[in-house]
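*Asks:* Now for the letters of each chain:
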Amino acid sequence: MNYSYTILILLIPIAAFLFNGLLGMKFKPIVSGLVGTIGLGIVFLLSWYTAWQYFFVGGMVDGEFPKIIAMSMDWLQFTDKLTIRMGIMLDPISVMMLVVVSSVSFMVHIYSLGYMKGEKGFERFYSFLSLFSFSMLGLVVATNIFQMYVFWELVGISSFLLIGFYYQKPSAVAASKKAFIVTRFADLGFLIGILLLSFFTQTFDFTTLTGADHSIFESGAAKSFMGMSVFTWACLLIFMGGAGKSAMFPFHIWLPDAMEGPTPVSALIHAATMVVAGVFLVARMFPVFFFQAPDALEVIAYVGGFTSLFAAIIACTQYDIKRVLAFSTLSQIGYMILALGVSGYEGHEGVGYMASMFHLFTHAFFKALLFLGAGAIIHAVHSNVMQDMGGLRKYMPITHITFLIACLTISGVPFLSAFFSKDEILVAAFHHNKLLFAVEYLVAGITAFYMFRLYFSIFWGKDTQYHHTPHEAPKVMTIPLMILAIGSIFAGYVPFAKLITADGRPFESHIDFAIAIPSVLIGLVGIGLAMLMYRKETHIPERISIALGGFYKTVYNKFYIDEIYLFITKKIIFNYISRPVAWFDRHIVDGTMNGIGWITLTSAKKIKGLQSGYLPQYGMVFALAAVVFVLIFAFLVR
Amino acid sequence: MESNSFFLMRNELILVGIAMILLVAEIFTKPEKKNGIITLAAVLFGLATVANFFPVPEGTLFGGSFITNPMTVFMKSVLNIGVFIVFLQSVTWLRKEENHGKISEYFILVISTLIGMNFMISSGDFLMMYIGLELATIPIAALAAFEKFHEKSAEAGIKLILTSALSSGILLYGLSFIYGTTGSIYFVDIVDKISSNPLQTFGLVFFVAGMAFKISLVPFHLWTADVYEGAPINITAYLSVVSKGAAAFTFMIILFRVFSAVTEIWQPLLYTLAVATMTVGNLFAIRQNNMKRFLAFSSIAQAGFILLGIMQGGELGMTTVVYFMLIYVFTNLAAFGVVSAISEATGKENITDYNSLYKTNPKLSLIMLLAMFSLAGIPPVAGFFGKFFLFTAAGAKGYYILVLIAVLNATVSLYYYLRVVKAMLIDKSDEPIGTFKTPWAMRASLLICVAGIFVIGFASAIYEYISSISFGIN
Amino acid sequence: MIEGIPMTHVLIVSAFMFFAGICGFIIRRNMITILMSIELILNAVNINLVVFNKYLYPDQLQGQFFALFVVGIAAAEASVAIALIINIYRRLNSINVEQVNEMKY
Amino acid sequence: MNILNLFVIIPVLTVLGIMFVKDYKGARMTAAIGMSLQLVAALVMTLMYFAERKAGASGEFLFYTDITWFKTLNIHYTVGVDSIAVWMICLASIVVFAGIFASWEVQYLSREFYISLILLATGVFGFFISLDLFTMFLFYELAVIPMYLLIGIWGSGPKEYSAMKLTLMLMGGSALLVVGLLGLYFNSSAAGPVTFNLLELSKINFPMAMQRFFFPFLFVGFGILGALFPLHTWSPDGHSSAPTAVSMLHAGVLMKLGGYGCLRVAMFLLPEAANEMAWIFLILTTISIVYGAFGAIWQKDLKYINAYSSVSHCGLVLFALLMMNKTAINGAVLQMISHGLMTALFFALIGMIYGRTHTRNVPEMGGLMAVIPFLGVSYVIAGLASLGLPGLSGFIAEMTVFVGAFAHTDTFHRVITIIATMSIVITAVYILRVVGQLLLGPLREKEYLEFPDARWYERLSLVVLILPIAIIGIYPAFLSGTLADAIVPIVERLTAML
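Chains as they are written, first to last, in my numbering: chain A, 130 to 767; chain B, 58 to 531; chain C, 11 to 115; chain D, 642 to 1139.
Heads up, a few of these hints could be off.
Stated by the list, open to error - If you only want the chain B side, here are some residues facing chain D, beta carbon under 10 Å, derived:
(1) 372
(2) 475
(3) 484
In short, the hints are calculated from the structure, not lab data.
Ideal placement from N, C-alpha and C gives every residue a C-beta, glycine not left out.
So that you can see chain A by itself, here it is in the shape it has in the complex (with noise of 0.2 Å):
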């Protein structure tokens, strides 16, 4: 089976992105805007077409889902042993994720012709969208760790792009240069593991380090540093790199800020692909988490369970509809991390891995419709912050529709996809750490909370009085919504047990209804509160809030934790590194140097009395300069 056609993939969003980038503003806006679109459209056909080829003709062999290298080329070789090598690697989530990305993205760029029409530097925008996609794709098929860790940096880089497309906004700058620089210092973790991982196994390549044979770990097996065995460390490291990518706590901070970015941007980069990187970064490497660093994995699912809860809580009292989404997004995004941290590998073992990625798969789904969603309505509105909106069903009936049935899916109502993904996740973490399930079952009923919080308060709620009606968006934004609900409903129907499995090898999976019906329930009663407050325009959350006082406050602000970072950078390192090196530098390094120049000056002052230009003293010092040599050469020296 040739899979070589794949490199298109790569190469065509590049082709997008250097023509729009460098002759976009030649030709007409609408010119970039279709090539981006058209190129990506390409791209979705093959995408959805290699994973039929890959699921269903090549199909399995003995038993479960090769590994295919489709291409591979030598990049940048360090050492004889490490080698960067530049290819396409077809794995189940690799195709997986291939299909998501190109979907999604696909929707974004046809979309975002509607949204970003006549903004300044649309070309830009489309070559950016272009680079991202590029970058993106090249990470999910990346053959060995390394030419992974090179596209992270580029979606990276590509990320803080498009957060800071209105470049002259400066919360939109301050917004681009935290996300950047909060996942870089997360990425020098990944650096860091990827060195140590690779000089004890001497390999960069996925198929080796995940293969059966565990031989290559035997070196470094042994070697502890305080008290963690070396991979343990290394996976860890990786770990962090991942955990800035999906915004784990604690780098979590810059995703609310990345919101500052155009909404479509948000749907594709911080809803559906990119902020999955870690998820996928951690199944990508599951062998070797799950055989070398289980305790690795053991944290892994803590800070799951941990930002799950976290941002659910903090998620119902935001006001900016942009970032109750972004919160619901953190934690679904702790949902699959945990559910890698309690997955075992082995078949049914295994169905924690199976369920995240099926999480991963539906997300992408609903998560890309809200924020689409949001964007619609923010198109109408001229505003993200929920006070100014409501009833906005009248006006907007499509959006709303399409909203509801995200906002229903993510609640894990039955038969919509979530629903099933959710179930397996909970069965997992249920079978695996009972604290953890505990956890995941309140978060559950949160989330349902706070997704209809923002539904009522969109939807119905006030009447408010809009200065201008808002109107349906048009054609070109309503359709993708359509899209992507249908995508949101079915897409829990997709056998992912079959396809997609730690081991490679499909097993059984069928719905628990032990643990369906309860969460179902939770879901509900979440739903039923969220009317109750919201449904009509009522006092019951100020009176919640008021009751809750001081912890409503903590919660409002994010618990804080922006701050205590800006107290950090801005006053550890700048104030306390930084200028005390500069002082110390021009101060104390420069000083001596200047110093030795004043020593010398200054001892040239002193010196000149003995050119008195007085007859006498000449004469003496000559003469006691001889005597005193005679003395020295004729009795000392000898």
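Fit chains B, C and D to the supplied structure of chain A, relying on the hints for placement.
*Replies:* What follows is chains B, C and D alone, placed relative to chain A:
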């Protein structure tokens, strides 16, 4: 001895002859024609300079008190070149009204000192050496006081004569002990009898002190700055190049010839002197504003570098010293030429007066720039080679620390040489020195200097020749 | 030569003269005196040369000749020096060496 | 006729040519033509070199020519190149070429300007081609001195002070070098003629005591030019006062002389001492890496920021050299080239921006991206290159260095490597800070609207610099794969006694 062996002292005889001719010419030229003497002297001396390049057989005269070998001849040529350039540079100055009556005196005095120096260089015994020394010193005192109506000039003269008298007294006192302990004043006899007994060390040190006075090594240098500043510029140039060079050559030859047995005494002595000279010279030079005084101290510092070569005590050492002196003649005279040109034209002698000289007199300031770089030892000009080879000589002896000190001093010296460059090219000035036309003689001399500065470094043949004729301790 | 005077005594005398001369050079303010003390130094040298010659190497005359030359040159030196001193006197109406320090540092 | 001689002849001819032109137009034209020829010659030479290698030319240095100069001292004019030198020469000629165009508008004493600039270039080229330590040193000093005039006359700010400081510190460095070189020279043979020839010296195993004594002289002597902490302070002042082209050349090429010398002379010739003392200098370089980066965060002046980042990056070069394995040294060379290109690009841009805003103080500017997009984008590219974005040269170099450095098994090397990796985050911080304040955000002044975007010559010099950065970043193999022939012998000599 047969007459043609006088051919061995060819250069001296020629010089004496020139002196005589000038004396006669002085008598038989009318007062208004005196300027002709300048041309005459220049031409004659040029011929003499050229003549001295022709090879001479080795040999001795007067029972070994006068020695001639290729090296001495070459050294004399170096001095001749220097003097010739000085003559060219002093034309304008001599044409001035107040010097009108003293033209031939000038030439005769200079030439007689030169004769003295020649004798110093080829001397085979201390008597000859001493006579040469005095002959080379006393007229210079007169020359220093040449502009006798200028207070500074007079002061320079008196300072020079008194201190030099003192120094020669001390030197003689030392020599008397050498004689007393060895029973001879002939180098060839002394050399076997020299040991490191205190009395001879005493003699050696006093001798070194006396020579150090001529080469102006710290702490025997104090007269230098005052005399250089006071004396007329061309005399200063002459002092700083020719007389210093001659003294250095003699010093080196005698150390090699006579005191070869006691290197363990004079090498550490020179070590000390070198360090002191370079350091103190630099420290004083940093502060100077008067160009002549500045160059005086810079030449003191340069003398310190020369010692590095002398200390090596072998052929390498002599080669590097002579090579360096050759370069130094051109370099330093270029600097002095510019100074004197400016001083003749405008009477300004301070570094601060040179501000933005490049605007008005680009050529002069470029020459000055080259001279400064060459003095500082910056490639590609010759100074770099001269200095580097001196360091090599010191390194050959394993004096790495000394080399380090020397090079660091060179760095310091770079500071004040660059000060001049800065003044000329960078600093802005309200009333810069106006554009003026330099007379032909000065141009010619500067041209020669620049040619020398550029060529000598790259032309390794010169170096090879010197090293082929140089000799070391046995 | 005088019988019974050991060489060392003479040498001591000359040494005294030498250092007297040095001190004179340093202490005295009158240029003529300074010149005289230089003469003192040179004479110390002469004594040395002659004595060495006479006591140690009686069979040759190098030292004495040297002394003669020294005397001669000293005369020349003195003449030039005095000329210059006179010149100074014309300029400053004084031959006090303290006044001759216009150039310094 | 050896092609390498061109690299001395062309500049000299150019200088002579400039002497005979009348106005600044002629001068800059002559300079441009000369340096274009130089660039062409460099590329041709590179092709020839690798053609010969492919043809199986063995021997450490190709185009080897040896002419006796000072016979009795056994000083020769010896030239020859290996792949490192080849790439360095390419780098130098690119930067010089770009520099000429970046300083296209110099009119005050322009002839003198171009002459000194090209003299500087001569020194650099001569340094890279020469194999005789004497000539090498000669060219080294020749390269350093014109800096004084260039900064002092055409500089800005406290130019006299900076120029003097820079010159004196670098000359102090060469003072150490003289001692070291003489040490090598006189220990080069117990009997028979001593030599300055690099090849012959590299065959000798010097006694340990001698190595211990002279290695610091050589390494520090070159290290000063490589901005080795704490002797780097000439760099911020010097760069900030220097005119555009000079900062480009100096940071881009001249500072590389330091690293190159450390590798080629200090470490290659005195391997045991290098191994023994590596740890001291490793600590120092680690300090300069982090310290430079932190120093850059606080600066307000664009050039200061860049100077400090140069300290950090050049620190990385020395750091990698001292790791003494194939990968790390490979990375060091890559880092030299990449840093050379991107820092030259930076300084070129700073000069152009300064030419428009007449200030280099970051807080006084803002929102320039909107008015001068070409310069803005180029600046962003330079910034991304310097914070190590994949697809640009910086990433390649840094990763190679880190992988190489990490190949040491002991904790000391591990720890300092990890500390060194920190720098890439700090770099990101200050780069983005500048980009954010300078280019992005709202337009700060009204009159910015009149700013013209890059002129043709500015574009040319920028593109010339950006292209190689991108090419190296996208297809590094053509560069990093070709260095083996130069590095292997060095590494073998360095690790022989371990």
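*Asks:* Compare the structure with each hint and give your call.
*Replies:* Here's how the hints hold up against the structure:
1. Proximity of residue 372/B to chain D holds as hinted, the smallest CB-CB distance being about 9 Å (cut-off 10 Å).
2. The interface hint given for residue 475/B holds, since its Cβ lies 6 Å from the closest Cβ of chain D, which is under the 10 Å cut-off.
3. Proximity of residue 484/B to chain D holds as hinted, the smallest CB-CB distance being about 8 Å (cut-off 10 Å).
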